[in-house]
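*Asks:* From the two separate chains plus the hints, produce the assembled complex.
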Amino acid sequence: MEGILYAVLVLGVMGLVFGLVLAVASRIFAVKTDERLEPLVEALPGANCGGCGFSGCSAYAQAVLDGKAKVGLCAAGGDAATQQMAKVLGIEAETAQRQVALVKCSGYDAKVKGYYDGLQDCLAATKVAGRGPLVCKYGCLGFGTCLSACKFDAIHIENGRAKVDPEKCTGCMACAKVCPRNVIVPVPYSADIVVACNSKSKGPATLRGCDVGCVGCSKCEQVCSYDAIHVEGNLAMIDYDKCVSCGLCADACPRHLISDSNLRHDMDLVAPR
Amino acid sequence: MIGKLFTIALSAILVENFIFSQFLGICPFMGVSKKPNTALGMGFAVTFVMTLASAATWAVNQYLLVPLKLEYMQTVAFILVIAALVQLVEMFLQKSVPALYQALGIYLPLITTNCAVLGVALLNIQKGYSFLESVVYGFTGGLGFLLAIVLFSFVRERIDHCDCPKAFRGFPIALIAAGLVALAFMGFSGMSIG
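Protein chains in written order, with the numbering used here: chain A, 1 to 273; chain B, 1 to 194.
The shape of chain B in the complex, shown without the other chains (with noise of 0.2 Å):
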C-alpha cells in the first residue's frame, strides 16, 4: 500500500511531471515564472487546489457519474465542481486564514482554469485510483508543478541577463529554454518505479 503511493508520488512529482512530460498548466507556467517568489505563490496554491480537486472530483464520479452511468459528462461536471470548490475555498480563505489569502492573492481565482487541475481529476479516473492514491496524485503532481515552476523561474532570472538576439528577446527564448528543461525530466522517464 505504502509502496504503490510512493510510486505514484514519485512517478507525479518527477517521472509523469504535469509540466514537463504531460504539458499540463503551461499557461501559468509561462505566465507566472518571471520572479521566483510569485511563482512559488503560484505553485502552492496550484497543489492545494489539485489536492482538494481530486477528492472531489473523486467523491462526484464515484457516488454520482457512476450510478447514473454518465461518465461521459466528466469534463464538464469536474470543470463546475473545481470551480465552485475554488471559489468556495477562496471565501473560505479569505475569512479564516486572510494571511494564506493575501499570499496565494490573484493565483487562487485564476488556478480555476488551470488545464492541470481538470487533468489531474480526469487522470485519477483514467488510471482508476482509490481516495486515497487520488488524493496523493494531487498533491504529488501539484509538488510537481511547484517544483517545475520554481525551477524555471530560476532559469528565466538568469536568462533576462543574457545578452539574447533581439528577435529572441522575452517569450520565445522562455519557450526554447523551457523545452531544455522538460528535455532535462525526459532523463526520469527512463527510470522504472516499483
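Chain A extracted, bound-state conformation (with noise of 0.2 Å):
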C-alpha cells in the first residue's frame, strides 16, 4: 500500500513540478508573435506548394507582415486567398488574374535519336550524351519528373507527353521548376490562343526533330492586328495583355501548332494530321 502511494505521490509531484516550470518558462520564453499571423495563415490553403517562394504558407505570412512580401503571391489559393488576406491586414487587394502552367510542347510525334534506358527521370536523360532521347532540343521528354513535383494531382503524361489539367492547376509552377527542358510555362487561365511549342531552333532544325515544330515563319505576326504576337528568337510568343483571342494567328500558322480552342482542354486539335 505505501509503495503504491510512494509511487502516485512522486508522480504527482514530479507532474507538477514540470508543470510550473512549464508555465513559468512560457512566460519568461515567451516570443511576441503578431495576432494577424495566425488569421493570415488560416487565409492561406495550407498546401505549402512554395509557389510564392517561401518554404511554407506559413513563412510566407511571416513575411507579409514585415513587410517583405506582398498579398496576392499565392497561387493556390487564388483570388479568394488573397482578398481574405487583405481584410486581415485591411488593405485593399489587386485582383489578380488567374495563371496556370502550360506544357509548350505538342510535339507526339517528336523524332527519336536514340534509345535511351536509363533513369526514367527528365534530368537523368538530359545529362546523357547527346541531352535526351529527342532530336529536339527544346521539347518536352515525357519522363514526367513534373508529376512528381504537382502537389495538385494537375499534371499527367499523356501520348507521351506532358499535360496540364487547368481546373486543377493552382498555377504554383512547382512543375516549371524542376523541368530541365524549361517547357512549362505561366500563361492566363482565360487564355484561348496558344503557341504550343518550345523550339527555339532555326526552321530546319525544327523540321528534323518534328513534324508540328515552330518554324518562325512569322506569318502569324503578319496576320495579326493587334500586334500581339511575335517570332522572337525562331518562336512565336504571345503577349497575353494584347492578345483578344480572335484567333486569325491560329488560321494562318501552316504547322497547325497555334490553337483557336483552348489547347488545354483538347489537345488533339493540334495532333499532326
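Warning: the hint list may mix true and false statements.
[As the list claims (entries may be wrong)] Sample of chain A residues lacking proximity to chain B, with all beta carbon distances greater than 10 Å (derived): (1) Tyr6; (2) Lys70; (3) Ala80; (4) Asp109; (5) Gln222; (6) Asn234; (7) Ser245.
[Claimed, not checked] Using 20 Å as the maximum straight-line C-alpha spacing, the simulated EDC-like pairs for lysine to aspartate or glutamate come out as follows: (8) Lys95(B) / Glu38(A); (9) Lys127(A) / Asp117(A); (10) Lys127(A) / Glu157(B).
[To be verified] Here are the in silico distance ranges between beta carbons for each label pair: (11) Val112(A) / Cys164(B): 20 to 28 Å; (12) Ala80(A) / Leu64(B): 52 to 60 Å; (13) Gly118(A) / Val181(B): 17 to 25 Å; (14) Thr113(B) / Ala80(A): 30 to 38 Å.
Simulated from the structure, these hints should not be mistaken for lab results. Model, not experiment: these values are computed from the prediction. Note that CB positions come from ideal geometry on N, CA and C, so glycine has one too.
*Replies:* Pasting the structure below:
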C-alpha cells in the first residue's frame, strides 16, 4: 500500500513541478508573435506548395507581416486567399488574374534519335550524352519529373508528353521549376490562344526534330492586327496583355501549332494530321 | 576511462545502431527519410534531445527513483521527464536561438514520442552507466540515428526513380530496403571492441 502511495505521490509531484516550470518558462521565453499571423495563415490554403517563393504558407504569412512580401502571391489560394489576406491586414488588394501552367510542347510524334534506357527521369535523361532521347532540344521529354513535383495532381503524361489540367492547376509553377527543359510556362487561365511549341532552333533544325514545331515563319505576326504575337528567337510568343483571342494567327499557322480552341482542354486539335 | 567511452561511442554508432540493430525509433526513421535535408534536420534534433534526455533521466533515476525504491516506475517517469524537457528546450530555442528553432522546426516536438529517446534512457540504467557514460551513450546513439536516417534517405531517393513493381511502390519497397541496409549493418556485430 505504501509503495503505491509513494509512486503516485512522486509522479504527481514530478508532474506538478514540471508543469509549473513549463508555465514559468513559457512566460520567460514568450516570443511576441503578431496576432494577425494566425488569421493570415488560415487565409492561405495550407498546401505549402512554395509557389509564392517562401518555404511554406506560414513563412509567406510571416513575410507579408514583415513587409517583405505582398499579398496576392499565393497562386494556390487564388483570389479568395488574396481577398481574405487583404481583409485581415485591412488593405485593398488588387485582383490578380488566375494563372495556370502550360506545357509548351505538342510534339507527340517528335523524332527520337536513340533509345534511352536509363533512370526514368527528365533531368537524368538530359545528363546523358546527346542531352536526351529526342532530336528536338527544347521539347517535353515525357518522363514525368513534373508529375512528382505537382501537389495538386494537375499534370499528367498523355501520349508521351506532359499535359496540365487547367481546372486542377493552381499556377504554383512547381512543375516548371523542376523541368530541365523549361518547357512549362505560366499563361492566363482565360487564354484561348496558345503556342504549343518551345523550339528556339532555326526552322530547318526544328523540322528535323518534329512534324509540328514552330519554324518561325512569322505568318502569325503578319496577320495579327493587335500586335500581340511576335517571333522571337525562331519561336512565336503571345503577349496576353494585347491578345484578344481572335484566332487569326491560328488559322494562318502552316504548322497548325497555334490553337484557336483552348489547347489545354482539347489537345487533339493540334496533333499532327 | 577514455577507452571505455570510445567503446561506448563506437558501439552506439555502428555495432548497436539504434535503428539498424535495436530497431528503436523506426517511426520517424521511415517517416522523415524521404529527403536528405529533412533527414539531416531530424537526425540533429534527435541527437540533441537524446544527449539532454540521457543526462536528465540519469539524474532523475539516481537521485529520485533509486532512493525511494521506485525503479519500476522508470518508464512512466522518463516519459514525463523527456516530454517536459523537449517542451522546455523548444521554448528556450524559440526565444534564444531562433535560427536553430527554425531549422529543427516540427521535428523537435515530434521527438517527444520517439522511442529511441526513451530507449536510450532505459538502456543507460540497464547497462549501469555513470553520468558521463550515459551522456556519451546518448550523444553517440543520436549520431548513429543521424547516420542511419541520412544514409537511408539517399537510398530512398534512388528508389524513387526505380522502375519497381507497382505493388511494391512507396512504403513496401522502403521497408525492404531498410531491411537490406540493416543486414549490411549486421556486419558490424561481428566486431569485438575494447
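*Asks:* Check the non-interface label on lysine 70(A): least C-beta distance to chain B beyond 10 Å or not.
*Replies:* 23 Å, holds
*Asks:* Is the gap between the beta carbons of threonine 113(B) and alanine 80(A) within 30 to 38 Å?
*Replies:* Holds, at about 36 Å.
*Asks:* Is the nearest CB of chain B more than 10 Å from the CB of aspartate 109(A)?
*Replies:* Holds, since 25 Å exceeds 10 Å.
*Asks:* Quick check on a hinted range of 20 to 28 Å for valine 112(A) and cysteine 164(B), using CB atoms only.
*Replies:* Holds, since valine 112(A) and cysteine 164(B) (Cβ atoms, about 25 Å apart) stay within the stated range.
*Asks:* Quick one: work out the minimum CB distance from serine 245(A) to chain B and report holds if it exceeds 10 Å, violated otherwise.
*Replies:* 41 Å, holds
*Asks:* Report holds if the minimum CB distance from alanine 80(A) to chain B is greater than 10 Å, and violated otherwise.
*Replies:* Consistent with the label, alanine 80(A) stays out of reach of chain B, its closest Cβ about 27 Å off (over 10 Å).
*Asks:* Please check whether the beta-carbon of asparagine 234(A) is more than 10 Å away from every beta-carbon in chain B.
*Replies:* Answer for asparagine 234(A): holds, closest chain B Cβ roughly 34 Å.
*Asks:* Beyond 10 Å on every Cβ pair: is that true for tyrosine 6(A) relative to chain B?
*Replies:* 6 Å, violated
*Asks:* Under the criterion that the straight-line Cα-Cα distance not exceed 20 Å, is the pair lysine 95(B), glutamate 38(A) satisfied?
*Replies:* With a Cα-Cα distance of about 19 Å, the restraint between lysine 95(B) and glutamate 38(A) holds, given a limit of 20 Å.
*Asks:* Just to be careful, I want the Cα atoms of lysine 127(A) and aspartate 117(A) compared with a cutoff of 20 Å; is the pair within it?
*Replies:* With Cα atoms ~13 Å apart, lysine 127(A) and aspartate 117(A) stay inside 20 Å; holds.
*Asks:* Closest CB-CB distance from glutamine 222(A) to chain B, is it above 10 Å?
*Replies:* Consistent with the label, glutamine 222(A) stays out of reach of chain B, its closest Cβ about 46 Å off (over 10 Å).
*Asks:* Given the hint that lysine 127(A) pairs with glutamate 157(B), test it: the Cα-Cα distance must not exceed 20 Å.
*Replies:* 17 Å, holds
Against the hints set out earlier in the document, a violation occurs for number 1 only.
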